[in-house]
Amino acid sequence: MRRLVASPLVALGFAAASLTVASPASAHGYVSSPPSRQALCASGRVGDCGPIQYEPQSVEGPKGQRNCHGGLGRFAVLNDDGRNWPATPVGTSVTFNWVLTARHSTSSWEYWIGDRRVAFFEDGGKQPNATVSHQVSLAGFSGRQKLLAIWNIGDTPMAFYNCIDLQVGGGGGTPVPTASPTARPTARPTATPSVRPSARPSATPSAVPTTRPTPPTVPSGSEWAPGTTYRTGDEVTYQGLRYRCRQSHTSIVTWEPSYYTLALWLPI
Amino acid sequence: MRKLHLAAVALAAALLAGCGSAAPEPVGRAQTAPPAADATYNDTDVTFLQMMIAHHGQTLEILKLAHTRGTSEQVALLTGAIEATQTTELEVMKGWLASWGEAATGGHASHAAHASHAAGGALPITAADEMASLRKASTAQFQTVFLNVLIGHQHSAIEMARQETGGGVNPQAKELAQRIDRSRTEQIKQLLAMVAS
Chain A
0 MRRLVASPLV ALGFAAASLT VASPASAHGY VSSPPSRQAL CASGRVGDCG
50 PIQYEPQSVE GPKGQRNCHG GLGRFAVLND DGRNWPATPV GTSVTFNWVL
100 TARHSTSSWE YWIGDRRVAF FEDGGKQPNA TVSHQVSLAG FSGRQKLLAI
150 WNIGDTPMAF YNCIDLQVGG GGGTPVPTAS PTARPTARPT ATPSVRPSAR
200 PSATPSAVPT TRPTPPTVPS GSEWAPGTTY RTGDEVTYQG LRYRCRQSHT
250 SIVTWEPSYY TLALWLPI
Chain B
0 MRKLHLAAVA LAAALLAGCG SAAPEPVGRA QTAPPAADAT YNDTDVTFLQ
50 MMIAHHGQTL EILKLAHTRG TSEQVALLTG AIEATQTTEL EVMKGWLASW
100 GEAATGGHAS HAAHASHAAG GALPITAADE MASLRKASTA QFQTVFLNVL
150 IGHQHSAIEM ARQETGGGVN PQAKELAQRI DRSRTEQIKQ LLAMVAS
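Chains A and B, in that order, are what the protein sequence lines are. For what it's worth, numbering that gives the first Met the number 0 labels the leading residue of the first sequence as 0, then goes sequentially. For what it's worth, numbering that gives the first Met the number 0 labels the leading residue of the second sequence as 0, then goes sequentially.
Chain B with its partners taken away, still in its complex shape (with noise of 0.2 Å):
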């Protein structure tokens, strides 16, 4: 199951190095090049930066609807931050993938294979059952809906990112894996306090 796609990747990645973009950041320099990926990697990568930049992109979707419902100014604060942070990881995910010479997006049966395993079998919540939530709401419901949605995505998030970090080996994709980790767990402390007040 985890075969090493190192042949493939080879000229990718001496292309990477010759753009100077693989090499260490000069200590004391803001990193303003993105991250590069080592060239060694398995399904479990693959699988989960093709479930990450879908789910990525449900994200931003999510939270455009809620642009133009409209949130508290504190609310729209964080979806900002998140929207701006999501968009650059989002970028980082394609990059990783096309040089890697694999697609940017997964077939959908394998996709939905996935998040129902790690949902225990259960159907796993979806983009159109978040979007169909979000459209139902009145403008009163509106906020608390798009709260217990975007907290209920960004655990979905974690519970990815988890299993990445269990069965990836790229060290790069492991490393975003721990970050959207952290990550989402501190937007839902936020997001919890802002629902329940």
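The shape of chain A in the complex, shown without the other chains (with noise of 0.2 Å):
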């Protein structure tokens, strides 16, 4: 109903709406897994993207365009191919999921490898629901691919655009991240004791023993540091003050000790 409006008027409309919103103007949507290029922007595994990192869901521009970036300048480093994205490995039917910040109305779904439209999910103006996600086979499709995303919007002339960077029927291998996520060790530490005391020790650890094996511990008293999986018992310094943790946790700027973490952090 909404599409009696002449086109002019809609853009006009949209362009008035922009203009009055700080910063972003515009946030709407992305594709979180496989982990597209602005998604791979935002997580930091991969570095110096410029401003998408803080709105990878901001990528929109106006409909039928075949680029990562919408067409917008200030993200142009989502087109440029030669930064050796990482390829997820995936098998030939793969499901893409979405996080969604608002519900346009939406017209459609469009999935494209180089030419070829892969699928297309007709909405027909429909409110999608607060995630979304979508079924694609790539049979016929292997190796290294670069594959477009696009949500149309319903009641605007824009869209929302992804590209995703697949290795698709495994092999391969994923390429090094360009910078390495949040810690997260997949081996065992080297600092685990091999044996188990038997008996209770008679100096308490600092680090209480969990069920789990223990990412890399750390040393009793280290200064506080972003990135580190501390678990309950484990003591730092901040500020000069020492502080024991009293929730597991893997640390984020913003909570190193303050007030306002006083619930993983308890002075002491």
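Please keep in mind that the hints were generated in silico from the structure rather than gathered at the bench. Quantities reported herein were computed from a predicted structural model and do not represent experimental measurements. Even glycine gets a Cβ: it sits at the ideal position worked out from N, Cα and C.
Just the calculated beta-carbon pair ranges, DEER-fashion:
1. I267(A) <-> P33(B): 17 to 27 Å
2. G139(A) <-> A139(B): 19 to 29 Å
3. A138(A) <-> R181(B): 41 to 51 Å
4. Y258(A) <-> Q73(B): 24 to 34 Å
5. S137(B) <-> I267(A): 40 to 50 Å
6. E72(B) <-> P225(A): 17 to 27 Å
7. G153(A) <-> A139(B): 23 to 33 Å
8. T236(A) <-> Q177(B): 18 to 28 Å
9. E121(A) <-> T39(B): 46 to 56 Å
10. N66(A) <-> E60(B): 32 to 42 Å
11. A127(B) <-> G46(A): 35 to 45 Å
12. S221(A) <-> E174(B): 25 to 35 Å
Just a sample of chain A residues kept apart from chain B, beta carbon distances all over 12 Å, derived:
13. K62
14. G70
15. G72
16. N78
17. G90
18. S107
19. I112
20. R116
21. V117
22. F120
23. E121
24. D122
25. G123
26. A138
27. G232
Each of the two chains sits in its own frame; use the hints to bring them together as a complex.
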């Protein structure tokens, strides 16, 4: 019904709305898994991406484009195939998951590899759920592929663009990420004692052993740092004061000891 | 629009100062008292706190559902820490509004209008949408749906925080907005790594 409005008016209305809103002017959705290029930037797995890392949901441009950045100069990095984007190994049937922050009335979802549209989902103007996923067949493709996923909005002339680098059909392996992800140790730490003490030690160890293999343990009393997995009982120093971890977590900036993190860090 | 409510909060501020919580923290002591907010504020500050209180309440609701449905240990560690820190933020924000003599909840209409504005005219994703998606998800899908819902939810927090940074006047509320912006950005990094693995 809104389609009765002439499209120049729609365009004007859209521009006016954008002008009155503080940045980010438009911020509405992207593919989180397999990770799109903007998701790789926002997760920090690919570094040096510029402003897209803070608003991966904002790659919005006029419909009908076949690029990774929606024609937006400030997000041009997304369209740079020379950036060695890590490709996610997938089979020939792939589920694409979207993060959405606004329920735009939706015309359709398109998936392209090169000049071939590999999948098309017509929504007929209905509003999507809080998250959306589509299963897409990539039968006939193998090896490294750049897939373009597009969300076409129903009541504006705009669409959201995502490029997703895939390694289809297994094999080939994943390229080494350019920046390391958040601390997620895959191997057992070398520091784990090989023999479990049968009796209670007379001095309580600062790191309480848990049932799972603990990630590389933090030397007791070391300086608090982001990207570290702290276990209940670990002790750190922050700005000259000592704190004991009350709840296991992997630290981020803003979770350093403060009033806001008293549930995580107890001053001692 | 940016009318200041100086007179209205003078008493509250005086009371707070009397309690000693407004005094600067002594150097070398851990901060164990909630940060107090200055008496100067505008409509943007109030709307920001009211919307963020509602948003935090929704976050806790989403996380509670994740506890009952079950997630990987790695996800549970992150969500546990989000729950712990946002519960404290929630109390601080309520305390500030109370000290200003303002309600902790805004009208639903103004909330929706504001959020819709932030989304450039489109309808915002609501807590009801999010909870519906989570409840509908099968056991096999649950963690993926949950992570995507939480990522979207935290992106919305960043969008609200940036409106406060741009239009608020209260220094503590603006500082909290910056904290939320940085904190949610970092949480999204971890969440995206989890959803992609």
